[in-house]
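Asks: Sequence:
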Amino acid sequence: MKGQLYLYHVDKDPPDKDINLLAIVTNRIAPGWVSVPQLSPSEKLIKKREQWLWERKWPRKWPDFVKQYREELKQPLKETYIKHLLKRLNEGNNIAFACYCADEKHCHKQIIGEWVSDRGIAVVQGKDERRQRKELLYQRENNNIKQLTIETVAKDGEQ
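For the sequence shown, the tail end lands on 153 under this note's numbering, and the numbers increase by one without skipping.
No wet-lab data here; the hints were simulated from the structure.
Quick caveat, the model's predicted, so the values are computed rather than measured.
We treat Cβ as the ideally placed atom computed from N, Cα and C, and that holds for glycine.
Careful: at least some of the hints might be erroneous.
Said to hold, decoys possible - Below are the DSSO-like pairs computed for lysine-lysine, each with C-alpha atoms no more than 30 Å apart in a straight line:
#, residue 1, residue 2
1, Lys42, Lys6
2, Lys(-4), Lys77
3, Lys81, Lys61
4, Lys38, Lys99
5, Lys55, Lys6
6, Lys81, Lys6
7, Lys72, Lys11
8, Lys81, Lys99
9, Lys128, Lys6
10, Lys11, Lys99
11, Lys121, Lys6
12, Lys77, Lys38
13, Lys(-4), Lys72
14, Lys99, Lys6
15, Lys72, Lys55
16, Lys55, Lys41
17, Lys6, Lys41
18, Lys121, Lys38
19, Lys61, Lys72
20, Lys38, Lys55
21, Lys6, Lys38
22, Lys41, Lys72
23, Lys55, Lys68
24, Lys72, Lys38
Stated by the list, open to error - Using C-beta positions, here's what the derived DEER-type ranges look like:
#, residue 1, residue 2, range
25, Pro53, Asn21, 25 to 33 Å
26, Pro57, Arg22, 24 to 32 Å
27, Glu73, Leu131, 38 to 46 Å
28, Arg125, Ala96, 12 to 20 Å
Using the sequences provided together with the hints, build the complete structure.
Replies: Laid out in structure tokens, this is it:
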């Protein structure tokens, strides 16, 4: 059975999968995540994106970014890492793939997700997982409140 790729935001989603990868070019440490800068866009492309943001051309320049990042993924080192990612997914590992991009819709992890999806692997958006996590937490909190209320009523009835 194949694993799934989860596209996460490092500050919003927990490192809760079999393998938790952080694809950024930085020295910033994030507990529970394994840094894999080889799957991040190059510093040159990151600076270009920042320039587009500054010039208010983002996200209109997204197609240019996609094209350039796909070209970068053909570089031997990046290609090796992305093939290893696919191998791990095909072995049944669930992998969280995260970064710090504020705009999750226009983010390099979406390009990786598309590449993986084109090879028959299920891709799950972190925002969807977040919604489910919140619903479960809400249900648990409500159940705990109900349980506490039932226990309190039972104890009050015993006195």
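Asks: Hint by hint, note whether the structure agrees.
Replies: Going down the list of hints, with the structure as the test:
no., hint, in the structure
1, Lys42 x Lys6, "26 Å, holds"
2, Lys(-4) x Lys77, "15 Å, holds"
3, Lys81 x Lys61, "24 Å, holds"
4, Lys38 x Lys99, "21 Å, holds"
5, Lys55 x Lys6, "26 Å, holds"
6, Lys81 x Lys6, "27 Å, holds"
7, Lys72 x Lys11, "22 Å, holds"
8, Lys81 x Lys99, "25 Å, holds"
9, Lys128 x Lys6, "12 Å, holds"
10, Lys11 x Lys99, "21 Å, holds"
11, Lys121 x Lys6, "9 Å, holds"
12, Lys77 x Lys38, "23 Å, holds"
13, Lys(-4) x Lys72, "22 Å, holds"
14, Lys99 x Lys6, "15 Å, holds"
15, Lys72 x Lys55, "23 Å, holds"
16, Lys55 x Lys41, "13 Å, holds"
17, Lys6 x Lys41, "24 Å, holds"
18, Lys121 x Lys38, "28 Å, holds"
19, Lys61 x Lys72, "15 Å, holds"
20, Lys38 x Lys55, "15 Å, holds"
21, Lys6 x Lys38, "27 Å, holds"
22, Lys41 x Lys72, "19 Å, holds"
23, Lys55 x Lys68, "21 Å, holds"
24, Lys72 x Lys38, "15 Å, holds"
25, Pro53 x Asn21: 25 to 33 Å, "27 Å, holds"
26, Pro57 x Arg22: 24 to 32 Å, "29 Å, holds"
27, Glu73 x Leu131: 38 to 46 Å, "39 Å, holds"
28, Arg125 x Ala96: 12 to 20 Å, "18 Å, holds"
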